[in-house]
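Trainee: Here are the chains, one letter per residue:
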Amino acid sequence: MTFSPQLEARFEKLLKSYPPGRQRSAMIPMLLYAQDEVGSVTDDLIDEVASRVGVTALQVNEVLTYYSMLHRKPLGKYHVQICTNISCQLMDGDKLWEHACKKLGIGHKQATEDGQISLEEVECMGACSWAPAIQVNYDFHHFVTPEKLDQLLDSLRKKQ
Amino acid sequence: MLYNEPSPLETRVLTRRFGLPNSASIETYLADDGYQAFLKASKMTPEQIIEEVKISNLRGRGGAGFPTGMKWSFVPRNSPKPKYIVVNGDESEPGTCKDRVLIENDPHQLIEGVLIAGLAVDAHVGYIYIRGEYRYLIEITEKAIAEAYARGWLGKNIQGTGFDFELYAHTGAGAYECGEESALLESLEGKRGIPRIRPPFPAVSGAFQSPTVLNNVETFCAVPPIIRDGGAAFAALGVPKAGGTKLTCLTGHVNKPGVYELKLGFPVKQMIDEVGGGIRMGRKLKAFIPGGSSCPVLTAAELEGATMDYDSMSQRKTMLGSGGVIIMDEETCMVKAALRIMRFYAHESCGWCIPCREGTTWLRKILVRFHEGGGTKSDINLIGDLAKNMLGRTFCPLGDAAAMPTISIVEKFRHEFEDHLNGKPCPYEHASDLVTA
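Listed in order, the protein sequences are those of chains A and B.
Per numbering that gives the first Met the number 0: the first sequence ends with 159, consecutive numbering throughout.
Per numbering that gives the first Met the number 0: the second sequence ends with 436, consecutive numbering throughout.
If you are wondering where the hints come from, they were derived from the structure by calculation, not from laboratory data.
Quick caveat: nothing in here was measured; it's all calculated off a predicted structure.
One or more of the hints may lead you astray.
Claimed, not checked - Derived SDA-like pairs (lysine to any residue); straight-line CA-CA distance at most 20 Å:
1. B:Lys39 / B:Glu50
2. B:Lys142 / A:Gln5
3. A:Lys12 / A:Asp42
4. A:Lys15 / B:Lys155
As the list claims (entries may be wrong) - Examples of chain B residues toward chain A, derived with CB under 10 Å:
5. Tyr83
6. Tyr133
7. Asp163
8. Glu165
9. Glu176
10. Ile193
11. Ser209
12. Ala232
13. Leu236
14. Leu249
15. Phe343
Cβ coordinates follow ideal geometry from the N, Cα and C atoms, glycine included.
Please model the complete structure; the sequences and the hints are all you need to start from.
Mentor: As structure tokens, this is what we get:
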């Protein structure tokens, strides 16, 4: 597989970050960074990472199924993650989640037909004091109201 | 940046640079005593550094509250293996968002704390493990590490002290369980985050089967102020058996939620009413969780005379935990709260121990049924019994973390469970205050 020069540079740095013979440590970061570029953890990507860190594809598979941010299927271009855990729920994060599902007509880990937006109900993301919170890809949005969410989703629909 | 206004009642030691222009940059850090504690520590013996940390009464800020100086002293002196420093930045205990602001606003303070720990135990390599969702913090940390290398505060022979140290940022990929120290080490080694059987503890056999100091972000950030101003000054800020300040995340139904640095021993009532601006809409407090969703819940009556420290909370049979304070007003449905907490632990259980894997799933199912109005009277005792059967029967604290809030909610709010027995959906579910949709 070929990756962007930036990702190749990151891989190179990661493989040098751990003690000799411990390159397996780079596996999870490599999968996550590669997923950002490829769109999902594909079979090819599993084989590629396995060979680069010196383990079998089965070993990569065993690990990746544990981590909630690694996914085998592509999500939307803009992955909207809404926290409904206790601190967000107290601030109506659960109602925000229902609102988003209704508005987009999709559910948990589903994407709109054009592949533009996907939704995920997520566990605590570390924004509890500024609840309810959501993340679009890696960007945090705090104190989200239904009105703010509507505006955000409308802008994501049109965004390149 | 800061997401909430600071409070005049704060004691800003770890957060003192917050709000300065470019507070995350090495220039700002160096202009404000930055890395001077490291230089001071480099002239001390490892024993003297550890002694100073012991005098400070610093206790681990991730939740367990173990004395930090003692933890460092467990690292064997003459091990032939390399030693490692690992920072736990996997902040994911619901209610907790303090490590995030520490890294975002002052990453060099964390790096300096790691360097001093390296001097104390003769370690020369460190890893800062940051949860995957905090991608922007990984970028901030990597930038700070690069700045430190460029200015000679990391690398070979740091500032002519003869001390070498290599530091790396490492991303997680979404797993609450990796906040548990041995699961974090498994994850760092490229494996599923399943906890290890202990002993041996990480101090003896941690990262890569080598002696390892593993502490929370906030714990490391407290180290430069301790060395700079002396352990006694830090100890004096807190209470007799726990020194310093605690970053406290006020979440839930207060008027001014936010992250605030408060002296250990700060009165709970004053924290809610003055720092947090009181309960929203003038309502009454119903329930209080002191330090993340794994802590037993307290009622308003139990908070009489309570202070934010380890002893005051353990006297009330709960824990100071991570500093994630969750405040629930009188309109909150405690069955719904218990259900949401259990849903989380059922999702995050790694599946290794049967009492945790099966217990959290059963409890989630019963609580879902209960909240929807399908519960029976015997279910109430069943919920408590199932949770009690998980306590102390798992390798890692996740089973306890799921059981403790559940047991306390069933015991203290039993009447709310009984109110759900009329066959109808939740009687406490009110029209939303904030959301109109």
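Trainee: Each hint needs a verdict: does it hold in this structure or not?
Mentor: Structure-based check of each hint:
Between Lys39 of chain B and Glu50 of chain B the alpha-carbon distance is near 14 Å, which keeps this suggested pair within the 20 Å criterion. With a C-alpha separation of about 16 Å, the suggested pair Lys142 of chain B and Gln5 of chain A falls inside the 20 Å cut-off, and the hint holds. Pair hint Lys12 of chain A plus Asp42 of chain A does not hold up; C-alpha atoms about 24 Å apart against a cutoff of 20 Å. Taking the CA atoms of Lys15 of chain A and Lys155 of chain B, the gap is about 16 Å. The hint holds against a cut of 20 Å.
For Tyr83 of chain B, the shortest C-beta to C-beta distance to chain A is roughly 9 Å, which falls under 10 Å, so the interface hint holds. The criterion of a C-beta within 10 Å of any C-beta in chain A is met by Tyr133 of chain B, whose closest approach is roughly 7 Å, and the hint holds. Hint on Asp163 of chain B is violated. Least Cβ distance to chain A is approximately 15 Å, over the 10 Å limit. Of the supplied interface hints, the one on Glu165 of chain B holds, with its beta-carbon coming within about 9 Å of a beta-carbon of chain A, less than 10 Å.
Proximity of Glu176 of chain B to chain A holds as hinted, the smallest CB-CB distance being about 9 Å (cut-off 10 Å). Given the 10 Å rule on beta carbons, the hint for Ile193 of chain B holds: about 8 Å separates it from the nearest Cβ of chain A. For the restraint placing Ser209 of chain B at the interface with chain A, the shortest Cβ-Cβ distance is roughly 8 Å, inside the 10 Å limit, so the hint holds. A hinted interface residue such as Ala232 of chain B counts as satisfied when its beta carbon comes closer than 10 Å to some beta carbon of chain A; here the least separation is about 28 Å, so the hint is violated.
Among the interface hints, the one on Leu236 of chain B is violated; its C-beta lies about 22 Å from the nearest C-beta in chain A, farther than the 10 Å criterion. Hint status for Leu249 of chain B: holds, given a least beta-carbon distance of 6 Å to chain A, under 10 Å. Proximity of Phe343 of chain B to chain A holds as hinted, the smallest CB-CB distance being about 5 Å (cut-off 10 Å).
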